[in-house]
Amino acid sequence: MNSNIDTELRELAPGFPLDATDAPFRTPEGYFAQFSERLMQKIHSQVIDNESLSPILAELRDKHPFEVPEGYFNQFRPPINRGNLVSMASTGRLKTMLKYAAAACLMGIIITFVFQNLKQADQQEVAIAEAMEPSVSISEGAFTEYLEEWNLTADKEDTDIEKTGNWLVDINELTINQLLSEMPEKEIKYYMTYAGIEEQPALNL
Amino acid sequence: MMHALDDTELVRLFKSGEQREAAFTTIVKWYQEKVYWQIRRMVVSHDDADDVMQNVFIKAWNGLDGFREDAKLYTWLFKIASNESLTFLDQQKRRASISLDNVHDHLEEKLRAEKDFDENKTIWKLQMAILQLPEKQRQVFQLRYYEEMPYEEMSQLLDTSVGALKASYHHAVKKIEEYVLNH
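Chains as they are written, first to last, in my numbering: chain A, 663 to 867; chain B, 9 to 191.
Among these hints, one or two may not hold up.
Claimed, not checked - With a Cα cut of at most 30 Å, we get these calculated DSSO-like pairs of lysine-lysine:
1. B:K67 with A:K704
2. B:K37 with B:K183
3. B:K133 with A:K704
4. B:K129 with A:K704
5. B:K182 with A:K704
To be verified - Label-pair ranges, simulated between beta-carbon atoms:
6. A:E732 with B:Q100: 40 to 48 Å
7. B:D73 with A:R700: 20 to 28 Å
8. B:A30 with A:G692: 42 to 50 Å
9. A:Q703 with B:E156: 31 to 39 Å
10. A:K761 with B:R20: 40 to 48 Å
11. B:E156 with A:E732: 40 to 48 Å
12. A:R688 with B:L94: 32 to 40 Å
13. B:D126 with A:F694: 24 to 32 Å
14. B:K101 with A:K781: 52 to 60 Å
Everything labelled a hint here was simulated from the structure, so no lab data went into it.
The structure presented is a predicted model; accordingly, all values stated were derived computationally and were not measured.
Here a beta-carbon is modelled for each residue, glycine too, at the ideal position from N, C-alpha and C.
Model the full structure from these sequences, guided by the hints.
Shown next as structure tokens:
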């Protein structure tokens with residue numbers, strides 16, 4: 663072993679096994695003697711494969727019609743400057759920021775969409791309400807007149823109801839007397855007993 | 009590296025197409041053992057190492073025309089081997105649905121299956137300890153410890169600063185020492 667590397671090892675790691683420098687691996691007998699021959703056979707077989715598949719393509723493999731300005735590769739310098747390096751280093755942060763920006767844009771779109779829908783719904787309600795309003799305008803005088811007329815009619819109806827004394831049956835005393843005269847006295851007494859009504863002179867038939 | 013002066017000539021021969029195959033075979037013969045051991049220590053079993061090494065040299069064959077010789081040839085080969093080893097381990101994890109926690113167990117099983125394995129021997133304890141390291145730290149340790157690669161060259165190979173490599177090697181050595189002393 664090179665004495666420099668030996669010294670370096672001793673300084674770095676005094677416990678390093680300096681007596682174990684040779685690799686213990688074995689190779690098959692004659693491996694290196696035959697390797698170049700085997701390799702060249704393989705290279706030939708690959709070349710033959712390419713030629714037999716397509717002789718034209720094999721021939722054109724290393725040729726192309728493009729031209730490069732003279733000395734281009736010698737003069738070429740990748741356009742890397744400090745600014746580029748900084749921007750490359752902060753690419754990860756930029757990506758994160760872009761993700762947040764995209765999420766914010768998406769939220770904005772959703773909120774705008776919902777807001778627009780609500781606004782449209784309100785507008786529709788207003789439109790429906792407007793559509794239900796009568797298109798013919800009624801003057802205040804005519805409306806008052808209508809109410810007065812309606813009140814009068816209502817008062818009249820109330821008076822009629824009061825007169826009959828009953829909303830459901832319009833029946834007078836004569837009719838009652840006629841009905842009672844047709845009814846057997848036995849059933850009248852049975853009803854009065856059942857209903858707990860005492861005999862009254864006015865109804866004494 | 010003893011072939012450093014000849015690498016350029018070999019690559020030129022390959023690219024020119026004059027002795028393409030001969031040049032490449034020479035490159036393979038020169039570097040195969042170093043590349044093999046770099047892979048083998050990562051993937052543990054010989055069969056897996058053989059598969060990965062074939063892929064490495066096939067990639068080298070396909071890519072050598074484009075090799076610009078900014079780095080040494082063997083650094084370039086080591087880089088391919090390093091990437092291929094890590095890719096192979098990732099593929100194994102996916103295929104066998106091995107969770108990160110079980111990767112060490114999986115490689116330990118392979119180590120225990122080795123013919124001469126003896127967990128009481130320090131030489132095997134060291135291998136067990138190396139397997140406990142995270143993959144990239146393991147690579148750094150092996151390139152420095154076994155290949156004796158200078159940090160500057162390793163920096164070029166792994167695209168990591170010299171400071172980070174030294175720190176990584178330091179952590180690796182301490183972990184291995186602790187493992188070996190406690191087992």
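Open item on the list: Under the constraints set out in the numbered hints, which ones does this structure not fulfil?
Closed with: Of the numbered hints, 2, 3, 4, 5, 8, 10 and 12 do not hold.
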